[in-house]
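Engineer: Now for the letters of each chain:
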Amino acid sequence: MTEIPREDYILKCTSACAGCGDTLALRYVLKAAGPDTVLVVPACCTSVIQGIYPHTAFNVPVYNVAFAAAAACASGMSAALRAAGKKTNVIVYAGDGGTVDIGIQALSGALERGTDFLYICYDNEAYGNTGMQRSGATPLGARTTTTPEGKLQPKKDLDAIVAAHRPPYMATACSAYPKDLFQKVQKALSTRGPTFIHILSPCPPGWRFPSEKTVEIGKLAVRTGMWILYEREQGKVTINGPSRAAMVKPLPVEEYLSAQGRFKGIAPETVARMKDEAMAVAQRLQREEEGVC
Amino acid sequence: MLTVATGNKAVAAAVKEAAPAVVAAYPITPQTEIVEQIAEYVAAKELKSQYIPVESEHSAMAACIGASVTGARTFTATSSHGLHYMHEMVNWAAGARLPIVMANVNRALGPGWNIWAEHTDAFQERDTGWLQVYVGSVQEAYDAVLMAFCIAEDERVLLPVMVNLDGFLLSHTMQPFDVTPVGDFIPPLHLPHAIDPANPGGYGTLTGPDNYFALRWDIERSMRDAVSVIRETQERFFQRFGRRYDMVEEYRCEDADVVVVAVGTLGREAEVAVDLLREEGVRAGSMRIRWLRPFPRLDLSGRDVVVIDRDYSFGFGGILARSIAATTGVNPTSVIAGLGGQEVTYEDIAGFVRDREPGKETWFGVTNDV
Amino acid sequence: MFEVRIHSRGGQGGVTAARLLALAAVRDGKYATACPFYGAERRGAPVVSFVRIDDRAIRVSSQIRRPDLVVVLDPSVMDVVDVLQGIKPSGRVLLNAREPRDMAGHPVFTVDLTGIALRERLEVAGSPILNTPVLGALAKMGIITMESAKSAITEMFSDPRNVSAAEAAYRELVA
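Protein chains in written order, with our numbering: chain A, 1 to 293; chain B, 1 to 370; chain C, 1 to 175.
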């Protein structure tokens with residue numbers, strides 16, 4: 001039984017929106033990481049959530065850095081800390097835009113160099129801080145302010161890109177499953193070298209659902225198979241319990257989509273395509289888990 | 001020990017003496033030899049730096065920033081397009097008050113592709129809050145890098161320093177230079193705002209207008225304080241190693257009626273032009289501006305001034321000529337010369353002086369019908 | 001100020017020859033600079049490098065236009081490059097060749113550097129090394145002392161055959 005510490009490193013004075021999945025996830029990330037931690041945060045919602053100078057709502061050092069620069073900044077920080085004999089956790093906490101779009105080059109470089117750090121992408125599937133514009137992580141059919149008719153392209157497969165760098169540990173997570181997230185962060189931080197966690201982080205204003213439904217939406221994402229919780233340790237895939245259950249008996253995808261305003265009016269053929277793609281990802285992961293490919 | 005080496009090798013040798021904890025490296029002509037040589041020092045364990053072979057210049061400066069904020073001494077080198085690719089982080093380094101030292105080998109910007117000397121690359125970074133020094137010899141490149149760490153890391157400054165050397169004309173030119181062991185000349189770095197998990201704080205958080213304004217003024221206050229820190233450091237260097245440097249290197253200016261102002265190797269070439277003109281009976285002198293930021297006060301009153309710009313601000317003029325006009329009130333003859341490595345000899349420079357016409361701007365070698 | 005222009009092809013060691021000459025001059029107590037004219041690096045393309053030697057610090061960075069001495073490490077470049085361009089009326093020419101040839105009336109010094117390198121088995125990647133033996137020829141011409149030539153060579157190269165090749169060039173130079 002996992003004991004989640006009572007200590008909180010996010011104080012009760014953030015500038016987060018009500019029901020923010022990002023802050024919820026970060027709360028558990030920091031509980032798992034503990035006080036000997038530095039967060040590196042590129043431009044994203046978390047830049048704002050931590051508060052306004054000279055105040056901060058986070059009780060670990062936070063280094064805010066330019067949009068494209070987080071992974072590279074963490075590379076330098078990790079190298080300097082390790083050279084000084086310090087074991088301080090270096091954790092990048094970046095949004096999806098700062099990861100799959102503008103930050104992908106720095107992330108790729110840091111992974112390839114074997115940087116000793118944990119890179120976390122909290123994914124609310126759009127540029128949230130600027131008011132919900134499409135990112136490469138926005139799913140097919142989702143309306144954003146720059147895709148008023150719904151996005152025409154499917155979500156970029158960030159995990160496949162990261163996996164191509166063969167990090168020793170990578171995982172997906174969701175803010176609706178804090179215990180699972182907590183354990184994954186602990187596992188990542190006890191692994192030397194580059195580790196990666198991709199957190200689906202439901203966003204009430206961006207996804208257009210009521211603030212109290214953040215956890216519910218996250219659970220729906222997993223139960224409908226639209227988000228799969230799994231780990232890849234030394235290349236070996238393990239599909240985690242909630243997603244394993246969803247693969248046996250998934251809820252209809254429509255339950256997840258109809259709960260969010262961003263998918264309002266989505267064409268049935270788009271939904272069919274989403275189902276097919278989700279199924280393909282699930283089957284690929286299952287084959288990988290069984291060691292077939 | 002007296003040896004013969006290129007400007008690039010001299011920069012690397014100085015970095016070895018300064019022993020930064022972290023070096024971020026990305027290749028670009030004509031700087032590459034610097035990061036190659038540092039890699040060799042690290043491989044041979046002559047230098048114990050963490051060597052981070054980043055995937056871009058933007059990441060080179062980002063890595064330096066991440067390392068520097070832990071209180072570690074950091075270095076990187078770049079040139080031209082590389083400097084501009086990292087431009088965002090160049091601003092960040094200064095705003096974050098991190099004493100990073102960077103060598104920039106001055107090179108023209110494309111298109112068309114041009115790998116030769118020009119100062120526009122670094123001049124375009126003049127408003128970022130970095131101190132900038134431009135050197136005129138291989139020895140000076142070595143000495144300037146050593147002093148750059150002292151100046152950047154001084155608590156009265158805590159701003160990054162860019163050491164500039166002309167592409168090929170210095171980066172690849174071999175000159176005699178004395179590899180002076182630095183000993184304890186560079187004090188250990190103590191960064192007062194280093195990241196400390198025992199004392200957590202937010203760095204670069206969202207900052208409102210009033211606080212932001214105050215932080216910007218603090219950069220300028222340090223930039224002004226830097227003038228005396230530069231002078232002190234250069235004097236301490238002279239006392240210890242016997243080589244003297246100033247904000248501006250003046251040559252035969254005492255009784256000069258006309259003064260040539262230039263930067264880098266052109267400033268040294270101008271000294272030869274001054275000798276030539278003196279032989280002709282022209283009372284000429286030259287000033288080689290070493291520190292572009294903080295910008296020096298020049299005493300030019302009552303003299304004709306010829307400014308050579310190996311740079312240009314389109315729609316405005318030679319950056320040096322306009323800066324000198326603005327800060328001294330003189331109306332200089334402005335000569336734009338040497339862009340993209342254009343050959344400019346001391347005889348050409350003597351010609352600029354003979355043909356001077358206050359207030360006029362001339363593009364060397366360009367006629368109106370070009 | 002004494003100005004030297006060295007003609008060779010990319011990869012033949014012309015830049016190293018310039019550096020060795022400058023280092024030897026510095027060991028003679030003089031000031032010297034060596035600078036290559038760089039374009040994109042291309043093996044086999046004709047290249048030039050420059051050496052200036054003076055009693056005082058050299059402040060000139062522009063290229064040498066009126067050399068006192070032209071060194072031709074690879075005579076085949078003379079088919080495509082006018083190696084005598086700008087040479088001073090009194091300027092001398094040092095040729096890597098077996099036989100002397102007329103160079104527009106300029107004093108010509110000849111030495112078979114390629115033959116010496118092959119004899120000494122001084123080769124790198126199948127090409128004869130010319131940049132160390134040429135220092136012996138330059139010493140014989142009085143540009144540098146032989147003592148400093150040897151000292152420059154040993155500072156940069158550990159293989160003693162480089163010095164013996166320079167000594168051979170010193171002996172075999174034909175004025």
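Derived from the structure by calculation, the hints contain no laboratory data. Just so you know, even glycine gets a beta-carbon here, dropped at the ideal spot from N, CA and C. Incorrect hints may have been included.
[As the list claims (entries may be wrong)] Straight-line alpha carbon distances no greater than 25 Å define the calculated DSS-like cross-link-like pairs of lysine-lysine that follow:
no., chain 1, residue 1, chain 2, residue 2
1, A, K86, B, K360
2, B, K16, A, K86
3, A, K87, B, K360
4, A, K156, A, K236
5, B, K48, A, K86
6, A, K219, A, K86
7, B, K48, A, K87
8, A, K264, A, K275
9, A, K187, A, K249
[As the list claims (entries may be wrong)] Negatives, chain B to chain C, calculated, CB over 12 Å:
no., residue
10, L170
11, R268
12, V274
13, R283
Engineer: Now tell me, hint by hint, if it's right for this structure.
Structural biologist: We went through each hint and held it up to the structure:
{"no.": "1", "hint": "K86/A - K360/B", "verdict": "violated, 60 Å"}
{"no.": "2", "hint": "K16/B - K86/A", "verdict": "holds, 24 Å"}
{"no.": "3", "hint": "K87/A - K360/B", "verdict": "violated, 62 Å"}
{"no.": "4", "hint": "K156/A - K236/A", "verdict": "holds, 22 Å"}
{"no.": "5", "hint": "K48/B - K86/A", "verdict": "holds, 17 Å"}
{"no.": "6", "hint": "K219/A - K86/A", "verdict": "violated, 38 Å"}
{"no.": "7", "hint": "K48/B - K87/A", "verdict": "holds, 19 Å"}
{"no.": "8", "hint": "K264/A - K275/A", "verdict": "holds, 17 Å"}
{"no.": "9", "hint": "K187/A - K249/A", "verdict": "violated, 29 Å"}
{"no.": "10", "hint": "L170", "verdict": "violated, 8 Å"}
{"no.": "11", "hint": "R268", "verdict": "violated, 4 Å"}
{"no.": "12", "hint": "V274", "verdict": "violated, 10 Å"}
{"no.": "13", "hint": "R283", "verdict": "holds, 19 Å"}
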